[in-house]
Amino acid sequence: AANILTHESQFRLANASNIVAAACYLAATALVYHLLKPVDRDVSLLAAFFSVTACAVSGIGFLLRLAPLAVLTRALDGFSPEQIQTLALTFLRLNATAFSVSHVFFGLHCLLVGVLILRSVFLPRAIGVLMVGAGLGWLTMSFSNLVLPSFGRVLYPFIILPGAIGELTLALWLLFAGVNLQRWREQANV
Numbered sequence: 696a697a698n699i700l701t702h703e704s705q706f707r708l709a710n711a712s713n714i715v716a717a718a719c720y721l722a723a724t725a726l727v728y729h730l731l732k733p734v735d736r737d738v739s740l741l742a743a744f745f746s747v748t749a750c751a752v753s754g755i756g757f758l759l760r761l762a763p764l765a766v767l768t769r770a771l772d773g774f775s776p777e778q779i780q781t782l783a784l785t786f787l788r789l790n791a792t793a794f795s796v797s798h799v800f801f802g803l804h805c806l807l808v809g810v811l812i813l814r815s816v817f818l819p820r821a822i823g824v825l826m827v828g829a830g831l832g833w834l835t836m837s838f839s840n841l842v843l844p845s846f847g848r849v850l851y852p853f854i855i856l857p858g859a860i861g862e863l864t865l866a867l868w869l870l871f872a873g874v875n876l877q878r879w880r881e882q883a884n885v
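Just so we're aligned: 718 in my numbering is position 23 of the sequence shown, and the numbers increase by one with no gaps anywhere.
Derived CB-CB ranges, DEER-like:
id, residue 1, residue 2, range
1, Arg707, Ala821, 37 to 43 Å
2, Ala697, Arg848, 22 to 28 Å
3, Ser775, Val738, 52 to 58 Å
4, Ser775, Leu867, 51 to 57 Å
5, Leu870, Val738, 21 to 27 Å
6, Ala821, Val738, 17 to 23 Å
7, Ala883, Leu841, 36 to 42 Å
8, Leu863, His729, 19 to 25 Å
9, Arg878, Gly754, 33 to 39 Å
10, Ile860, Phe774, 44 to 50 Å
11, Leu726, Ala697, 38 to 44 Å
12, Ile855, Leu771, 33 to 39 Å
Source of the hints: derived by calculation from the structure; they are not laboratory data. Source: prediction; values computed, not measured. Cβ coordinates follow ideal geometry from the N, Cα and C atoms, glycine included.
Make a model of the complete structure from these sequences and hints.
See the structure below:
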């Protein structure tokens, strides 16, 4: 509670940056949907749905993360300082749960994107394999955090790496190499 109140502006800035990141991720979702739609429109739409759902759940998490600041900076009649601090901590823990739930949907998104890349003719299959690994990693982390949080904390450093490698590889490939445009057009016309 003291850290939040002492560093209120950084706390607010962190939340604002998360919202900006989510907005950018929604734009990336639209791009990936359009890019992979020629492979399988329905699966690409389902992947986009999972991504948008993950962003929506993250949005709820952002509200939960801002809630401690609201209860710590307002007089709540009938609550002791200890109860207010407990309430603030409860909101932070609910935010962590929302984070895990959002990553279930994000993991499904990555998994489907990986499958679509594997089925495409215009992106390297290795990136598809990495994205499938990223999806499985996010799903493993999320479910372990939801079912066995102490185990999830142990797995986290090992699980985040495959996810980061898969997503970063896809992003860098799209930024610097792009897709084989001729093959993309061929698959789009089929």
